[in-house]
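Quick mapping for you: the protein sequence lines, in order, are chains A and B.
Under the numbering used here, the first residue of the first sequence carries the number -15, and numbering increases by one thereafter.
Under the numbering used here, the first residue of the second sequence carries the number 4, and numbering increases by one thereafter.
No wet-lab data here; the hints were simulated from the structure.
Note that the Cβ used here is the ideal one computed from N, Cα and C, for glycine as well.
Careful, some of the hints might be misleading.
When the alpha-carbon atoms are kept at most 27 Å apart in a straight line, the in silico DSS-like pairs for lysine-lysine are as follows [unchecked claim]:
hint: 1; chain 1: A; residue 1: Lys73; chain 2: A; residue 2: Lys105
hint: 2; chain 1: B; residue 1: Lys22; chain 2: A; residue 2: Lys73
hint: 3; chain 1: A; residue 1: Lys73; chain 2: B; residue 2: Lys427
hint: 4; chain 1: A; residue 1: Lys121; chain 2: B; residue 2: Lys22
Anything over 12 Å on all C-beta distances counts as not near chain A; from chain B, calculated [said to hold, decoys possible]:
hint: 5; residue: Ala93
hint: 6; residue: Phe102
hint: 7; residue: Gln164
Incomplete in silico selection of chain A near chain B, CB under 7 Å [to be verified]:
hint: 8; residue: Thr37
hint: 9; residue: Tyr64
hint: 10; residue: Ser74
hint: 11; residue: Tyr83
hint: 12; residue: Gln86
hint: 13; residue: Leu87
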Amino acid sequence: MERIPALAISQVVKSFRAHQALKGVDVKVNEGGIFGLLGPNGAGKTTLIRMLTGITAPDAGSISFFGTPLTRAHIAQIGYLPEERGLYKSMRVGEQALYFAQLRGMQRQEAEKRLRVWFEKLEVEGWWNREVADLSKGMAQKVQFIIAVLHEPRLLILDEPFSGFDPINAQRVRDAVIELKEKQGTTVLLSTHDMGSVEELCDEVALLNRGEVILDGPVHALREQARDGRFTLRFLGTIMEFTVAIGASAELIQVLHSESTVGEHEVMLRLSPEGDIASWLHWISGEVKVVACTPWQPSMRDVFIETVENRESNAIPS
Amino acid sequence: MSALRHIVYREWITRVRRKAFILGTLAVPLLVMGSMAIGWWLEQGDNQKSRVLVVDVAGMVSQWDERFESWVPICPDCFPDRASLTYRFAAEGMEDEAFIASDFDVMVVFDDAILQHHKAMYYYEQTPGFDLQAHLKTDLSMALERFKVKETQDLDFSTYQRLKTQVSLVGQDIVTRDGHAVGRSLVGFVFSLFLFVQILVYGMHVMRGVIEEKINRIVEVVISVVKPSVLMTGKVIGIGLVGLTQFIVLSVLVWIITLVGGMWLEHADVLKSSSDALVGLDLESWIAGQAELNFLLDVNWPLMIASTAVFYVAGFALYAASFAAIGAAVEQESDAQYFLIPAMAPLVASYFLAVVAIENPEGPLAVIASFVPFTAPVVMLIRIPLGVAWWEVVLSWLGVAVTAWLLLRMAGRIYRVGILMHGKRPSWVELIKWFRHAD
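Hey, can you work out the whole structure from these sequences and the hints?
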């Protein structure tokens, strides 16, 4: 039996006057996973997230939340950390976190108990009675993260949660997200441009561009799909000699690295469709001194850039 | 409902605990009262009598008394022995050095020329206070009048005083026999002025609060938890309560200070001869004893206070709704001016109508303005002390309340769109579009 997805977004359309921000978006987010919502600026990610949090409503299409149509009643089960976030400067840190917990319907005592745990976990325990205005940017973001997760939501929406953090605190928050997923079974929708985080955290992604989903699926599958016979080669010699040597047998895509003092270079290549890597390597070893040869594994960043660029170039009328 | 309660509380508590609010509410009246008390205390401390030497060169107001071997006033009543002032007379003035060396504080020269230009020169080493100057003016004028009358044939001073007449006007409504209308309309004006100031000041607080949330970007977190209309309503109610808190605290503070001050004055045996000492102890009997304040007893205070409360709540909601919508539409206060002028125009107009209503409280302009919801809170409060039919007051309440409710709903639609919009200031046309397409 197929599991009910945490979120099923179907043919969602949203327009702002003449501009169509979402053009029939379909996304399915599985329960208990971390789903990456990717896309260039202006792709429609924030518009989609605002619909999920009840801030705006779709013009057409449907959104279901764990099998039932999404309504405002579900808001209490959603945690949201927006990209554009702030805190009330005139309030103290602990008081502010309590305020949001109570707005979400939590009892004061329970909220305070959970807050103490989170404050300790993210090392902000000494800031309970401090003014928000005294917080550094990173510290404020940790408080905002705690506010988003405190009520133990079934769905946690994080929009650029790591921007502004130093590497140590970014890792601390990443660990917290993983813990939420593993220990509480929280479903996480992560919108970010940090592809390192996507590779590290996400099980599945959807890539939005100009209001449409142009790519979606499990991260490892998408990376595998993007492999197109490219490989990297390290050799001793000169680029000129190498270029002349390979002729039309392979396409030199990019010089990745050159060490001129010892004459060592690293290049990315793709063989012609009829080429065989083993025989080609044997042949080129006679022309230049080969140091290493590695099949190329595209990163999510590569997948992102290539997919969007291909889409854009196809969209340009000839 | 629970979320609304938390929003209201947050808006209220974060403002009433601000130093500016505490200072404005507590310290300012205390400072004013304190400075008045210090002034009074200094005046009491400086209670030695001022000695005034009247140099009566022409013998117009004084004469030589053989028994006392000194110059005495011809008219002793004209120079009463006041608590703060005592007179001595002489026929010749003193040299500057002699005056400085003497124990006189002021020397007034009374010569023939005074009959022409009515001006008396006075000399001092330290500037005399206003009180002393006023007493001198009164006493010398009376003495001069007496001298002039004495010089006039067939007229003695007591006849002159009997003939001297100052007309004062005492008005009375021919139907109600009410003679205190003007005084009571002034009571209304004080209340309406309070309402005007509170609506304006705290309405601006609402606008600033919305702009702050928008700029601060916290609003997206809040409206992902509660509806924008709930957030806006909570803000309006919370900030309205701040104004009410300030009013209550100020009232209690003034009452306590009056009470304590009155008790202290009585205890200190100060002003014992005057009923002034009873100010804080028995206000009603004190007012009854003051003819010019009798009109206060004719005011329907329960209706007045209830109306002030209703008009404050509904009137504030009415204007604060507009201010909230304006705050949501802009990103900085300077941009808000564009929308504020038309939004504030009815409020400012109501102030001018209030001034008109004092002049003519039953005139058509005042009567109409007391039913128009945008001007009613300020104008009706002027008419109520004059005796308005209860149904008229209730109609006015309802008009303001219903309009406030409608405006809150309309403003809520603009607010929910505007609060997430960033960039250039919208035009009026865009605001209308936001309102129409808020769903």
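Legend entry - Broken hints, by number: Checked against the structure, no hint fails, so every one of them is satisfied.
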